[in-house]
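Engineer: For reference, the chains in residue letters:
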Amino acid sequence: MRFGPLLATALIVIGLSGCATRPDASDPEALAEYEANNDPLEPLNRGMYDVNNVIDAAVLRPAAVVYRAAVPPPVREGVRNVLGNLRGPTILMNDILQGEMDRAGRTAARFLINSTLGIGGLVDVAAWQFGIPGHGEDFGQTLATWGVGEGPYLFIPVLGPSNFRDLTGAGVDAVSSPWFWFGQGEIVEALRWVRAGMTILDAREGVLDTLDTLYATSLDPYSTLRSAYRQRRQNEISNTGQVAPDAAGSTGFGVGIGVTLPPTTTPQPPR
Amino acid sequence: MMTFPAARRAALLAGLSLALPLALPREAAAQMDATRAVAFIQTTGNALVEALNSTTMSPAQRRERVANVLRQAVDMEGTGRFILGRWWRVATPAEQQEYLRLFEETLIRNLATRLGEYQGVRFTLGRSQQRTEEDVLVTTIVERPGTPTVNLDWRVADVNGQPRVVDLVAEGTSLRLTQRSEYSAVVQRGGNQVSALLTAMRGQLQQMQARQ
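The listed protein sequences derive, respectively, from chains A and B.
Residue numbers for the first sequence follow our numbering, so the first one is 24 and each next one is one higher.
Residue numbers for the second sequence follow our numbering, so the first one is 5 and each next one is one higher.
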């Protein structure tokens, strides 16, 4: 997917919009909360959030519901595996840029094994037979490990929660991926759109239950999402605990997306 | 995962830790001991799993059982006050009482309903991590048939000499932090009035009751 026009649009819209009012220094607790939320563009973001909800209710959620109901789990797992495998080169680049050579080695091995034995990434043979679990990585995280701050929080329709750093990262990931440069013609172009569409569908399906629960239980889903996104990114950046799946991108509703752990028992072959 | 000798040692320590608090002076109770926290989560987790996987109880009975376990395990007042944060001091004493009542009711209902779907659930204790002076984060891995495993961490603190849950961290996301952000947003958008939050909470409870 091309992020360039999107990024430009986002920047223009931000430039035209108003900002949230910064609390007075006489109220240190309010100021501390304002800074902890990191959301000076809140009025704009809430507007974008409303736009997203309209699109989500009309298109994305129904599509995810149909996708889950109509496509059997093994096929969906295969789709997620393929999407994850396509992100392989991007993950590898970021592993290297972060100086994580161990993880880079694993990512390279996974990409080679799954692209060949795994039939173009359909089956995660690397995890299943070779015991090499995958992990996510993106340029937003790379920038973070280089000490770049996240910049103001952003909510982008369809893409979901993000910030200036992670959105930039998503753009860099997109244009540095070999799939951006490799091949031309109508078929390749069509495949790019299929990939973009499936990425959104897979991600939305992955958070179907989580978001349903969140919208049903939260008194202000916007701020719950903001808090959850920022905590999750913090975890991903420090590479602690849970491992984000390969298919997970840098922006979006990653809340509870099929997080996998290193297998504790003998892994079962995919059904 | 624990190896066999480590598991035995842990069991032994857990046994000891049950006996020790009786012998120790009360002042020592302010710090949370990791082994004690793990044993507490083990007990609470087993009680929850037993209730959730029971085949003899109706869904309503299961929910009630789960609610009872949670009422005993969670530090309702401390967690509720943490989540209201800076607005606690803004609230009148009557609002504080009302808030704590609504908070407990909402939390129990939310968790009991959510956990109620966890049929066939299994949990494994991960390694525990001492995080701060006051509390311990006990990691568990929750497995349900047909869904990806979930990392669920329990923050356990010492409350009046008893171990109590003060936070749940699902896949790295702290429930009390997200909820504090949520409640504060509701107060601020309601013109910095705690009463706006109480109204919203009451409405939510009514909706939940209507759905059951």
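Since the hints were made in silico from the structure, they are not lab data.
Don't be surprised by glycine CBs; every beta carbon is placed ideally from N, CA and C.
There could be a bad hint or two in this list.
Below, a sample of chain B positions facing chain A; criterion: calculated Cβ distance under 10 Å [said to hold, decoys possible]:
#1 Phe86
#2 Glu109
#3 Ser178
#4 Gln192
#5 Gln197
#6 Ser199
The following residues of chain A were derived to be distant from chain B, with all beta-carbon distances above 12 Å [to be verified]:
#7 Pro46
#8 Tyr57
#9 Arg69
#10 Val94
#11 Glu123
#12 Arg126
#13 Thr139
#14 Ser200
#15 Arg215
#16 Leu237
#17 Leu242
#18 Leu248
Engineer: When the hints from earlier in the document are held up against this structure, which numbers fail?
Structural biologist: 1, 2, 5, 6, 7, 8, 9, 16, 17 and 18
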